[in-house]
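Engineer: From just these sequences and the hints, can you work out the full model?
In case you want the letters, here they are:
Protein chains: 2
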Amino acid sequence: MIASATALLDAGGESAVTLRAVGHASGISHNAPYKHFKSRDALLAAVATTDFVWLADTFRAVRHGASAPASKLTQALKVIVHFSVEHPARYRLLFNDPEIAAVGGDLEVSARSAFAEFLGIVQDCQAAQKLPAVPDIALAGLLFATTHGLIGLAASGRMHPEKGLSSVESSLKMLVSLLQVSGTKLPGS
Amino acid sequence: MIASATALLDAGGESAVTLRAVGHASGISHNAPYKHFKSRDALLAAVATTDFVWLADTFRAVRHGASAPASKLTQALKVIVHFSVEHPARYRLLFNDPEIAAVGGDLEVSARSAFAEFLGIVQDCQAAQKLPAVPDIALAGLLFATTHGLIGLAASGRMHPEKGLSSVESSLKMLVSLLQVSGTKLPGS
DNA sequence: ACCTGAACACCGTTCAAGT
DNA sequence: ACCTGAACACCGTTCAAGT
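Protein sequence lines, in the order shown, are assigned to chains A and B.
Mapping of the first sequence onto numbering that gives the first Met the number 0: position 171 corresponds to residue 170, and the numbering continues sequentially without gaps.
Mapping of the second sequence onto numbering that gives the first Met the number 0: position 151 corresponds to residue 150, and the numbering continues sequentially without gaps.
Some clues are possibly wrong.
A pair holds if it fits inside one copy or across any two, identical chains being indistinguishable in the list.
What the hints assert, rightly or not - Subject to a maximum C-alpha distance of 27 Å in a straight line, what follows is the list of computed BS3-like cross-link-like pairs (lysine-lysine):
| id | residue 1 | residue 2 |
| --- | --- | --- |
| 1 | Lys77 | Lys129 |
| 2 | Lys77 | Lys34 |
| 3 | Lys172 | Lys77 |
| 4 | Lys37 | Lys172 |
| 5 | Lys34 | Lys172 |
| 6 | Lys172 | Lys129 |
| 7 | Lys37 | Lys77 |
| 8 | Lys37 | Lys129 |
| 9 | Lys129 | Lys34 |
Simulated from the structure, these hints should not be mistaken for laboratory data.
Structural biologist: Written as C-alpha cells, this is what we have:
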C-alpha cells in the first residue's frame, strides 16, 4: 500500500495519490486504507518516513566510505539533489509539506535521524579543516537549507533564467568553496 | 476577487481558497471567477503576481534607502523572512508551488523583476567589498536560495530541534559573515 | 480483525440559459 | 459581456453491514 502510493507519487504527483487509486493498485477497496492509516495524510507520511530512512542509510554509507571528508559532503549533497530530480513529488513530501510534517511521530524520528547522519559528515569536514569552525548544527542546517533552497527555486523555475538544473550543483560548489576559504580565516579572529 | 483570495489564503491556507468561497466573499456566484480567470490556478497565480510586485517594490525601496550596502542586504533578507512568517500560504504560492509557477506569463515577469531588485542589492554589496567577487547572479541566487531553504526547513519543523524561527535570521547572519570573510580573500587568489 | 458498498459533504469545471 | 443555477465527475471520510 505504501509501495502503491510511492509509485503513484512518482508517476503522477501528489494529486494522483487518491485513496481510490491506492486501493485499486493494491487490489483492495477505496477505503480499506482507513483500517491501516488514520487518513490520507498519514499514508503519505508513511511514504515520507520510508524515504527518510533511505536517506539516513545513504548518508551513513557515504560517511563511512573511503573518500576524503570534503568529497563525502559533496556526495551527500548530490544524493539530495538527485533524489529531488528523480522523485520530485516525494522530495516535496519530505521537505516542503507542512501538513505532512505536522503528522510527527515516526516521520519526525526518521527525519532527525537523516539529519544526524548529514551532521556527522559536516563535523568530519570541520575536523579536517575543510569547513569553518562555527557551531556544527547551524552549519549543517545552513548547508542543507541552501541545497534545499536551490532545489526549490530550480523546480519553480525561479532561478537564473539562462541556466537549468546544473546550476544547483555549481552553486553548491561555489558555496562550499567560499566556506573553505572562510575556514582558513575564522570569523572573529 | 484577488483580494478575497488573498484574505482566504491568509486566513485558512491554500485549501481554504475554493472558488465557492471566493465567489461568496466577492458577492458573486461560485463560478463567476471563470469569466475572469481560466482556472483556480490562474486566480492563485494572479495573487502571487501581486505579491511579487509588492516584493519588487519593497526591494527597490530598500536599495535606494540611506543604509550601508551590507545593511540593505540584511534588510532585504528580513523582508523575505517576515513575509514568510506573516503570510505563509502566500509565501508558499510564490516559491514552493510548481503548479502555480507553471502558469508563467505576468507571474514570471513579476518574479524576475523582484529578483532583479534583489540582485541589485547584492551587486552593491560586491562593489563595496562586502561580498566576494564571484558571479553576481550566482551569488544572489545562493543568498536567496539559502534564505528560502532556511524558511522552508523552519516551516516544516525540520531544522535545529531546539531553536525556532530566530534561527533563520541567525543562520543568515552567519552565512553573510562567512561570505564577508571570503570577500577579503578571493577564491583562486 | 479486516474488508466492502453505499452514502455524505465537499471540490473544480462545464454548460445551457438568462440580462 | 457578464452572471446564474444545475449538473458532472471527481474527492476524503464515515458508517452500517458483511466474513
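Engineer: For every hint, state whether the structure bears it out.
Structural biologist: Verification of the hints:
When the C-alpha separation of Lys77 and Lys129 is checked against a cutoff of 27 Å, the pair qualifies only within one copy, where the shortest distance is 18 Å, while the shortest distance between copies is 30 Å. Taking CA atoms no more than 27 Å apart as the test, Lys77 paired with Lys34 passes in neither setting, with 38 Å inside one copy and 46 Å between copies. When the C-alpha separation of Lys172 and Lys77 is checked against a cutoff of 27 Å, the pair qualifies both within a copy, at 11 Å, and between copies, at 26 Å. For the identical chains of this complex, Lys37 and Lys172 are neighbours neither inside a copy (43 Å) nor across copies (41 Å), given an alpha-carbon limit of 27 Å.
In this assembly of identical chains, Lys34 and Lys172 lie within 27 Å of each other by CA distance neither inside one copy nor across copies; the values are 47 Å within and 48 Å between. In this homomeric assembly, Lys172 and Lys129 come within 27 Å of each other (Cα to Cα) both inside a single copy, at 13 Å, and across copies, at 20 Å. With identical chains, the CA atoms of Lys37 and Lys77 are never at most 27 Å apart, being 35 Å at best within one copy and 39 Å at best between copies. With identical chains, the CA atoms of Lys37 and Lys129 are never at most 27 Å apart, being 46 Å at best within one copy and 52 Å at best between copies.
Within a single copy, Lys129 and Lys34 get their C-alpha atoms no closer than 51 Å, and across copies no closer than 59 Å, so neither meets the 27 Å cut-off.
Consistency note: the structure conflicts with the earlier hints numbered 2, 4, 5, 7, 8 and 9.
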